Amino acid sequence: MRLNKTFLYGTATAATLALTLTACGGSGSGGSASGGTWDKNATVNIGSLYEPQNLDNTAGGGQGVTEALNGNVYEGLFKLTDDGKVEKLLAEDYKVGDDGLTYTFTLRDGVKFHSGKQLTSQDVKYSLERVIADDSQSARKSNLEVIKDIATPDARTVEVTLSKKSISFVYNLTYVWIVNSQAKDLKTAEDGTGPYTLDKWTRGSALSLDRFPGYWGDAASNKRVVFHYYKDATALNNALLTNAVDVVTSEQSPDALDQFKNNPAYKVTDGNSTTKLLLAFNNRAKPFTDVKVRQAVSAAIDDKKLLQSVWGEYGKLIGSMVPPSDPWYEDLTKVNAHDPDRARKLLAEAGYDKGFSFTLDTPNYDPHPTAATFIKSELAKVGVDVKINTITSDEWYTKVYKNRDFTATLQEHVNDRDLVWYGNPDFYWGYDDKQVTRWVQQAEEASTTDEQTELLKKVNRKTAEDAASDWLYLYPQIVVASSKLSGYPVNGLNSQFYAYDIEKKG
Amino acid sequence: MTRTDVLRPVRDEKAPPRGRQPRGSATLVTGCVLAGLIALLALVSLFWLPYPADDTSGGRLAGPGGGHLLGTDKLGRDLFTQVMTGSRIAVQAGLGSVLIAAAIGVTLGVLTAFAQGWLDDTLAAFLDILIAFPTLLLAMLIVAARSATLGSAVLAIGLAQSAVVARLVRVLVKRVLAQDYITAARTSGTSWPRTVAGHVLPNIWPTLVVNLALQFGLAVLAEAGLSYLGLGAPPPNASWGRMLQEAQATFTTAPAGALAPGILLVLLVIGVNLIADGLRDTLDPATRGRRA
Chain A
1 MRLNKTFLYG TATAATLALT LTACGGSGSG GSASGGTWDK NATVNIGSLY
51 EPQNLDNTAG GGQGVTEALN GNVYEGLFKL TDDGKVEKLL AEDYKVGDDG
101 LTYTFTLRDG VKFHSGKQLT SQDVKYSLER VIADDSQSAR KSNLEVIKDI
151 ATPDARTVEV TLSKKSISFV YNLTYVWIVN SQAKDLKTAE DGTGPYTLDK
201 WTRGSALSLD RFPGYWGDAA SNKRVVFHYY KDATALNNAL LTNAVDVVTS
251 EQSPDALDQF KNNPAYKVTD GNSTTKLLLA FNNRAKPFTD VKVRQAVSAA
301 IDDKKLLQSV WGEYGKLIGS MVPPSDPWYE DLTKVNAHDP DRARKLLAEA
351 GYDKGFSFTL DTPNYDPHPT AATFIKSELA KVGVDVKINT ITSDEWYTKV
401 YKNRDFTATL QEHVNDRDLV WYGNPDFYWG YDDKQVTRWV QQAEEASTTD
451 EQTELLKKVN RKTAEDAASD WLYLYPQIVV ASSKLSGYPV NGLNSQFYAY
501 DIEKKG
Chain B
1 MTRTDVLRPV RDEKAPPRGR QPRGSATLVT GCVLAGLIAL LALVSLFWLP
51 YPADDTSGGR LAGPGGGHLL GTDKLGRDLF TQVMTGSRIA VQAGLGSVLI
101 AAAIGVTLGV LTAFAQGWLD DTLAAFLDIL IAFPTLLLAM LIVAARSATL
151 GSAVLAIGLA QSAVVARLVR VLVKRVLAQD YITAARTSGT SWPRTVAGHV
201 LPNIWPTLVV NLALQFGLAV LAEAGLSYLG LGAPPPNASW GRMLQEAQAT
251 FTTAPAGALA PGILLVLLVI GVNLIADGLR DTLDPATRGR RA
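Chain order of the listed sequences is A and B.
Residues 1 to 506 (our numbering) are what the first sequence spells out, left to right.
Residues 1 to 292 (our numbering) are what the second sequence spells out, left to right.
Errors might be hidden in some of the hints.
[Unchecked claim] Pairs of lysine to any residue residues, derived as SDA-like cross-links and limited to a Cα-Cα distance of at most 20 Å, are as follows:
no. : chain 1 : residue 1 : chain 2 : residue 2
1   : A       : LYS387    : B       : LYS174
2   : A       : LYS387    : B       : GLY151
3   : A       : LYS305    : B       : ALA185
4   : A       : LYS305    : B       : SER57
5   : A       : LYS381    : B       : ASP54
6   : A       : LYS376    : B       : MET140
7   : A       : LYS125    : A       : LYS141
8   : A       : LYS376    : B       : LYS174
9   : A       : LYS381    : B       : ALA185
10  : B       : LYS174    : B       : ALA185
11  : A       : LYS316    : B       : ARG60
12  : A       : LYS399    : B       : GLN248
13  : A       : LYS231    : B       : TYR228
14  : A       : LYS381    : B       : TYR51
15  : A       : LYS184    : A       : ASP135
16  : A       : LYS376    : B       : SER57
17  : A       : LYS231    : B       : GLN248
18  : A       : LYS304    : B       : GLY76
19  : A       : LYS376    : B       : ALA185
20  : A       : LYS387    : B       : LEU150
21  : A       : LYS376    : B       : ALA145
22  : A       : LYS305    : B       : ASP55
23  : A       : LYS399    : B       : GLY76
24  : A       : LYS292    : A       : ASP432
[To be verified] Residues of chain A placed beyond 12 Å of chain B at every Cβ, according to the derived structure:
no. : residue
25  : LYS40
26  : ASP99
27  : ALA151
28  : PRO153
29  : ILE167
30  : VAL268
31  : PRO287
32  : LYS305
33  : GLN308
34  : VAL310
35  : TYR329
36  : ALA348
37  : ILE391
38  : GLN452
Hints listed in this document are in silico derivations from the structure and should not be mistaken for laboratory results.
No experiment lies behind these values; they were computed from the predicted model shown.
We put the beta carbon where it would ideally sit given N, CA and C, even for glycine.
Only chain A is shown next, with the shape it has when bound in the complex:
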């Protein structure tokens, strides 16, 4: 269903345009350990729709590899918690030089890889170099290309020099797995430092992890974790109903939820996601070169009704590219809010009082056709005729993303902190505002996160007022789990699913 995620993940990185796929913020985790005793040696069965392509996140493994292995098998110098905070993990401490360009990391002592080897600074250097290597397909590659030099003065110290200031550097490091520099095969095997070791990966069906006895930190709360992969959401829900799996990492439709909501044997959580559905205008193509036309189209569409159609009572309206979990979030739903009268007025001012016609390139998988149908019917009310052109995800990549041969399109943007793409005039939607570009650059080179947040808030407001795109809605992140489970993550699940805190009652 969300082909796009894997798709963007792979293709964008192939184009060295890292559309960063990350976790999202929010708070809380799947229920506190409620009464009763839990089984320390339990097996937790996790149901997912995203099987990895391979086990290497620098070789196009897809989002499934992040879901299964990030934090569970592999660890970074830092970790992004389920509520969106950056915490130290394999880095015990770090210092930033006064110029903001040199980062000195001290590694945690006594960390062992699953193969038994000690973690050294060489492994960190090797791991960083893997991500920025020429053949790397990592989603973080372009963000980390600011790395100019990596030095290893001793076994526990790593010194990284950047070519320019990058306030997001530490945050970006949460996506870099520290792997054993002597590991031979990372596509079908692993050698990380996480609380689990890979037991077996049966392609097309399951991937199992076992608790690692030599783990440096607190041992995992369960003995074994098995990710079961399904092609079809209905089959996945049925597996949950028959206890074949204990938890579904991300539900794709609200309609199957009633069977779990009214059943005390299950818990349904509604967490924060970072996936936004966009009506992306080609800001270089007429008539969307005119800000008034973009505003008019945005104002003509009743986003709330669309969200209810697709997600029922779930999901949120955001009115901008920024989800609530990003630090620079502001509620901008009132900017270019639904107002057909204003839309007609704006169209008249732009010289389109008789309306116009445009082609909407629509990916052929859910929810795009539904959204396109809805947009067509909404815009018809203000005299704008929409021609829906359905295309495959490959075509989308070639026609829209690479060749920019489109007028408007629909697309899911899954990443957190991806507002910054509006600062890149070469991005597919062609939004080119010199001030915004400058703000985005200044934000990345800011000295403090407050300064960065302040600048990006300006970018957010400006792009929203300009209706650079029409942000239709923010997806919900729905996890359904057996009531026997607690301690599972409820937010960042599209890419990460930390399994080590999950407690299962016997």
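Go by the hints and put chain B onto chain A.
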């Protein structure tokens, strides 16, 4: 003296000969009723629909009743309206594909029937290869080369089916060409085009029509399949295949969205298959002989 000894007819002229015909016509009538029902829906949809096609005022997944005969879909559009539009698209797809298949298939079939020796073998193999190529795959190629419209889908299905029709026509024509009356026609100086038009086609058309009726049903299914994959008529056109796809996620909570197009699809395909069956019983002398 009035004549009282009027001869009674041997049998009622209207009574069918005993045996096969009642069966044939019953099948034909049932088929016509089923397919006719859908055709009627399609016809009516040209002039009248319960709701405008893009009216989203119905509320999300409303159940049947309350102004909406079958309920509404996720966007609040009336399902019966969509089903009616869908029947039009299904009939269009069936007719369009069969016309293309017949035009190309018959021409190609007649021409290849005249081939001899190695050319004959090559052409036969070529047709077999074309048939072995999955319809859906060919359709996806054509849709990819052009764009996802009903026209592309119909063209693709028609092209794929023309190979099947061509092979059938080739065999039928070859069989007829071996008959004595063809030799007679030729020796009496009738030109080849006239022989084909006057002697060959009239002798193959019963079998051909039956086959085309079957192809109609297959074309309707293929179009639904393509639309299900998002490669048929683009939204907001309510093709049955698209409706099935959209209703899939909500099947357990709002089954009408999938049941309605599903049942109509089945009815139409059964309908045309029964028509084909009935036509074969009525038209095809070969099977009539066997059945009698």
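Results for each hint:
1. LYS387/A to LYS174/B: Roughly 49 Å between the alpha carbons, so the hint for LYS387/A and LYS174/B is violated.
2. LYS387/A to GLY151/B: Roughly 15 Å separates the two Cα atoms, so the pair holds.
3. LYS305/A to ALA185/B: 73 Å, violated
4. LYS305/A to SER57/B: 10 Å, holds
5. LYS381/A to ASP54/B: 10 Å, holds
6. LYS376/A to MET140/B: 25 Å, violated
7. LYS125/A to LYS141/A: 15 Å, holds
8. LYS376/A to LYS174/B: 54 Å, violated
9. LYS381/A to ALA185/B: 68 Å, violated
10. LYS174/B to ALA185/B: 16 Å, holds
11. LYS316/A to ARG60/B: 17 Å, holds
12. LYS399/A to GLN248/B: Roughly 29 Å separates the two Cα atoms, so the pair is violated.
13. LYS231/A to TYR228/B: 17 Å, holds
14. LYS381/A to TYR51/B: 16 Å, holds
15. LYS184/A to ASP135/A: 17 Å, holds
16. LYS376/A to SER57/B: Holds, at roughly 14 Å.
17. LYS231/A to GLN248/B: At roughly 14 Å apart (the allowed maximum being 20 Å), GLN248/B and LYS231/A satisfy the hint.
18. LYS304/A to GLY76/B: Roughly 14 Å separates the two Cα atoms, so the pair holds.
19. LYS376/A to ALA185/B: With Cα atoms ~62 Å apart, LYS376/A and ALA185/B exceed 20 Å; violated.
20. LYS387/A to LEU150/B: Status holds; Cα separation ~14 Å.
21. LYS376/A to ALA145/B: 25 Å, violated
22. LYS305/A to ASP55/B: It holds: about 13 Å lies between the C-alpha atoms, which stays within 20 Å.
23. LYS399/A to GLY76/B: 32 Å, violated
24. LYS292/A to ASP432/A: Distance of about 16 Å is within 20 Å: holds.
25. LYS40: The assertion about LYS40/A holds, with a minimum of 37 Å to chain B.
26. ASP99: 53 Å, holds
27. ALA151: At roughly 51 Å from the nearest Cβ of chain B, ALA151/A sits farther out than 12 Å, so the non-interface label holds.
28. PRO153: Holds, since 56 Å exceeds 12 Å.
29. ILE167: At roughly 41 Å from the nearest Cβ of chain B, ILE167/A sits farther out than 12 Å, so the non-interface label holds.
30. VAL268: 15 Å, holds
31. PRO287: 22 Å, holds
32. LYS305: 7 Å, violated
33. GLN308: It is violated; GLN308/A is separated from chain B by about 6 Å at its closest Cβ, not greater than 12 Å.
34. VAL310: 7 Å, violated
35. TYR329: Nearest chain B Cβ is 28 Å from TYR329/A, so the label holds.
36. ALA348: 23 Å, holds
37. ILE391: Violated: least Cβ distance 7 Å, not greater than 12 Å.
38. GLN452: Nearest chain B Cβ is 40 Å from GLN452/A, so the label holds.
In this structure, the hints that do not hold are numbers 1, 3, 6, 8, 9, 12, 19, 21, 23, 32, 33, 34, 37, in rising order.
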